[in-house]
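One-letter residues, chain by chain:
There are 2 protein chains.
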Amino acid sequence: MKILCADDDKDLLALIAFTLSQAGYLVISAGDGASAIRSFASESPDLVLLDINMPGASGFQVCETIRTQSRVPVMMLTVRGEEEDLVRALDLGADDYLTKPFSPRTLLARVKALLRRAGLENSAPLAAGRVQLDTQEHTVQVGTKEPVRLTKLELRLLQMLVANAGHTVSSDRLLMQVWGHKGAGDRQLLKQLVHRLRQKIEVEPAAPQMLQTVVGAGYKLIVD
Amino acid sequence: MKILCADDDKDLLALIAFTLSQAGYLVISAGDGASAIRSFASESPDLVLLDINMPGASGFQVCETIRTQSRVPVMMLTVRGEEEDLVRALDLGADDYLTKPFSPRTLLARVKALLRRAGLENSAPLAAGRVQLDTQEHTVQVGTKEPVRLTKLELRLLQMLVANAGHTVSSDRLLMQVWGHKGAGDRQLLKQLVHRLRQKIEVEPAAPQMLQTVVGAGYKLIVD
DNA sequence: GGGTCGTATAACCCCTTTATAACCGCGACA
DNA sequence: TGTCGCGGTTATAAAGGGGTTATACGACCC
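Going line by line, the protein sequences match chains D and S. Per the working numbering: the first sequence = residues 28 to 251. Per the working numbering: the second sequence = residues 28 to 251.
Any given hint might turn out to be false.
Any copy, or any two copies together, can satisfy a pair, since identical chains are not distinguished.
[Claimed, not checked] Derived BS3-like pairs: lysine-lysine, alpha-carbon spacing no greater than 27 Å straight-line:
id	residue 1	residue 2
1	Lys227	Lys247
2	Lys172	Lys227
3	Lys227	Lys139
4	Lys179	Lys218
5	Lys139	Lys247
6	Lys29	Lys172
7	Lys247	Lys172
8	Lys218	Lys37
Worth flagging that the hints you see were computed from the coordinates, not collected in a lab.
Model the full structure from these sequences, guided by the hints.
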């Protein structure tokens, strides 16, 4: 699990890096906005921590840039009492924020919560109803059946569906999440991937019980 | 879009309800933990706002109960400085928190952000009388009848009518909104679409009760 | 080199959805 | 009385979405 942290306060950055790496995360540091954008492109982190006040490019700009190419979870760091900043950050697509000063413990709790929300958590296996995902082993287990091995793309697709179990997820969002920006618009990839996934997890792939199509909208995972 | 709000402070609850309903959300209120749990079971809201300090059952207990049966987004309300509470809430599966006091504007921004994260952002808060639109699932529910699946165009048409429930919407505006500029002037498309929609939502499509024609002007949705 | 595996590209079929067109009924109006 | 505009209905053609299958490409491992 890779986390990109951007802050111009060297001491704080070191503290964040220490806290997160202690917890088992791989931390990429950036001292200003411009290098944050570069690191984002080269490292494709799973989560981004952004200070709002930075030289180079502000957290806003970085967040905006990231959002044009990815839906990766973004958490903004802000000083207390700057409500305008907060609203603006959330409007730009940030997923959460944290007011300075914060304790390492709080930071960790929030990062974990955000990763869990995004369905990227790999510590505890994701589950919904009878469907149990193991992102470490790349397997799914349905009910008490034998675990089935999944490929990278299959895993990501199922992660999204499990994270939104019971609700329809639009094809566009799935494409975004599974393939990133490049896959946008390519329905073919998605329908093929869904087909392969059904072969693996459905009892009767031709009449899917769990991975259902919502015509004109997307797909959803039915859990009892 | 249905939001369940639980708080024992009647004034704050009223403020929250006012703010959210102004923004178009349907608000279900609960004054204590026990009734929050009951309401959750009966109403299946799309998002839950929970005060931590409540008589009956604390926000923690309510959150825990909800998490045993659902992954609905949960936002906790807490007083400033109670970091322990915050960490515990996030551990219990809450998705976000808000420290009191907060401004209506902040509340709205956070609720929207949480809905967006949960992938419910497209489900615009659309309901009028007995007509409930779900833009994510592409369905309408009339009263307590079974939800009916809608196509893209049907959904857009009904969205327009629901948004202007009780008022006539001109054919030109409907054409513009549903088809964009290309459809301008083509009455035929509209009357066909209206016909199909009536087949789906009217009890007696030949004598429409809800989707009524306003001769020479357009159509309107009658809600009780 | 020859395998396998995972993914991408493409073509095909079928059914749903949408567009085009014609016909019907009704009231307005000359 | 005839016909014109408007809306409802029905029929049919065209387009699009989704499922399926076949095949090609690249990476990786013998």
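Quick one: which hint numbers does this structure break? Sort them smallest to largest. 3, 8
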